[in-house]
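*Asks:* Using the sequences and the accompanying hints, generate a full structural model.
Residues 595 to 670 (my numbering) make up the sequence shown, in order.
Source of the hints: derived by calculation from the structure; they are not laboratory data.
Computed from a predicted model, the values in this text were never measured in an experiment.
A couple of the hints might just be wrong.
[As the list claims (entries may be wrong)] DEER-style ranges, computed between Cβ atoms:
| hint | residue 1 | residue 2 | range |
| --- | --- | --- | --- |
| 1 | V611 | V653 | 10 to 20 Å |
| 2 | I596 | S657 | 25 to 35 Å |
| 3 | M595 | C658 | 29 to 39 Å |
Virtual Cβ for every residue (Gly too), placed ideally from N, Cα, C.
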Amino acid sequence: MITLSWNYQGLGNRYAVEVLTEVVRKQIPIILFLMETKLKVREMESIKSELGFFAMLAVSCKSCRGGLALLWKEED
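*Replies:* So this is what it looks like as structure tokens:
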């Protein structure tokens with residue numbers, strides 16, 4: 595099992611998501627923990643789908659600070 599923790603200080607720009615997508619593609623983590631996403635839960639839903647994860651537990655940012663997300667893939 596691979597667990598990946600990522601603190602990029604904001605996933606609101608396309609470049610950050612592209613970099614994260616490439617890391618996830620190469621490392622193939624089962625669990626992904628994102629810190630300082632600076633996104634609301636509804637915004638994280640689309641990133642979850644784009645990255646190919648099954649489920650997510652997220653906490654929205656407050657203003658432009660914080661935001662957490664724990665994503666995981668369904669085990670076979």
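*Asks:* Each hint: holds or not?
*Replies:* Consistency of the hints with the structure:
1. Checked against the hint of 10 to 20 Å, the pair V611 and V653 passes, with Cβ atoms roughly 19 Å apart.
2. Range check, I596 to S657: Cβ separation about 33 Å, and the 25 to 35 Å hint holds.
3. Range check, M595 to C658: about 33 Å between beta-carbon atoms, so the 29 to 39 Å window is met.
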